[in-house]
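Trainee: Dock chain P against chain X, hints included.
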Amino acid sequence: MWEFLINPWPWWFSGAAISVTMFALILFGRSFGFSSNLRTLCAIASRRRVKFFDFDWKKEIWNLIFLVGAIIGGYLANTYMNHGEAVQISQATINDLAALGFGDPSTSASGVQPDELFAWENVLTLRGFLLLAVAGLLVGFGTRYAGGCTSGHAISGLSDLQIPSLIAVIGFFTGGLIMTHLLYPLIF
Amino acid sequence: MRFIKYLLVGIFFGILMAKSEAFSWYRIQEMFRFQAFHMYGIIGTAVVLGAAGVWIIKKLKLSDIQGERIKFNPKEMGFWRYFLGGTIFGLGWALGGACPGPMVVSVGYGVLSMLVVFFFSIVGTFLYGEVRDRLPH
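For the protein sequence lines, the chains are X and P, in the order given. To convert, note that position 36 of the first sequence is 36 in our numbering; the numbers rise steadily by one, no gaps. To convert, note that position 3 of the second sequence is 3 in our numbering; the numbers rise steadily by one, no gaps.
These aren't lab readings, by the way, just hints derived from the structure by calculation. Quick reminder that beta carbons are idealized off the backbone N, C-alpha and C, glycines included. Be aware that one or more of the hints could be misleading.
Computed footprint of chain P on chain X, listed as stretches where at least three residues anywhere in the stretch have a Cβ under 8 Å from a Cβ of chain P [stated by the list, open to error]:
no., segment
1, 53-60
2, 102-116
3, 137-145
Next up, chain P with everything else stripped away, as it sits in the complex:
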């Protein structure tokens, strides 16, 4: 039962990815061609509201539902892993038209062949685990 809230938020997220059309390959293409404001509006709104909320949580020292003080873990400093990893991710994002969340939403939507992309994204993560010691971070 303690997991049902995650299922509900997941369902909300799935509906939102579909109804915002952010899970569509066409929308991603439109974004990377700078031909519509839609995707920039979505990400921009989420980040502005997100930043305001995170600031309030920190300012008021708010707690989560277990009563634990909410902490934000700063990401480790670095350049290459973020830039190179991000670029590799971006190449795949533009090719398949989906990042990991939207991939599974697409599958639920009925585009079952997106499972091929999702399966290979797991393989890609596995390959990273195998070679990570040899990569610049």
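Bound-form chain X, shown alone:
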């Protein structure tokens, strides 16, 4: 059992675990939508000066607690459930990424995120910093514009057969494919 849990989880187990997360929150009278936290953090920081962020953020504290839990979960996974190997991606992806100058996952310090983007010596260059900053800006702007992220639209919304969520997910993939296939060759 423990052996199964510390190895990378198969897709069917991972997918089932995501629905357990969603149903647990629904059972608690909430809903599964992570990026609402970004709006809550803006509300706390802006102190009611911007209309969009003028709402009773105290009702959203539960989701910030969930966020803190997610950080702890990441820590626990690495500290106590690490099987010591990098992410095993397909050879085709390794080849594509090599052509862009990315080493395979085993060359990265974390084994899960590439050093080419996330090692401090790269983050602390103007170019490296801008790449991460722009990625964050796009995610934060886009998720609020679309009214949700992967959890709110792709999981919660599609489970409730919401057409707006389907449009948003089509958008997620439109943007992701443009970035991966058209912009990556220009950037890297």
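Mentor: Frame of chain X, contents of chain P only:
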């Protein structure tokens, strides 16, 4: 104490994002290049089980632990905000290799530079709040 259950579900979510490898930039790249079934299997399983569960909750008119009838709020109809917002999100998702949940899981995992991405995602949400009246929705 009433918040501890959210902490526990959050911890479960963090472990799950890490052990499923769905929080990895490499897995997101593999997904957008259609070179493995893994991410599609994860999202597909979650949606199929989710849809079955939501259908059962509605059919049986189930209640939450406070005894309130569980309601699902339909999203407002529209096209542009979902499509344009979704596309902008997707550009960032593929560049940083993470959506907001996986970002903080990565930080917990030890990739502290992901905090830069997370910080700017808050800034991005703030910018949206500033310009939203001028955008098509």
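Trainee: Do three or more residues from the segment 102-116 of chain X put their C-beta atoms closer than 8 Å to C-beta atoms of chain P?
Mentor: holds (count 5)
Trainee: With a Cβ-Cβ cutoff of 8 Å, does the segment 137-145 of chain X contain at least three residues near chain P?
Mentor: Three-residue rule met by the segment 137-145 of chain X, so holds; n is 9.
Trainee: Closer than 8 Å Cβ to Cβ for three or more residues is the test here. Does the segment 53-60 of chain X pass it with chain P?
Mentor: Violated: only 1 residues of the segment 53-60 of chain X have a Cβ under 8 Å from chain P.
Of the numbered hints given earlier, the model fails hint 1 alone.
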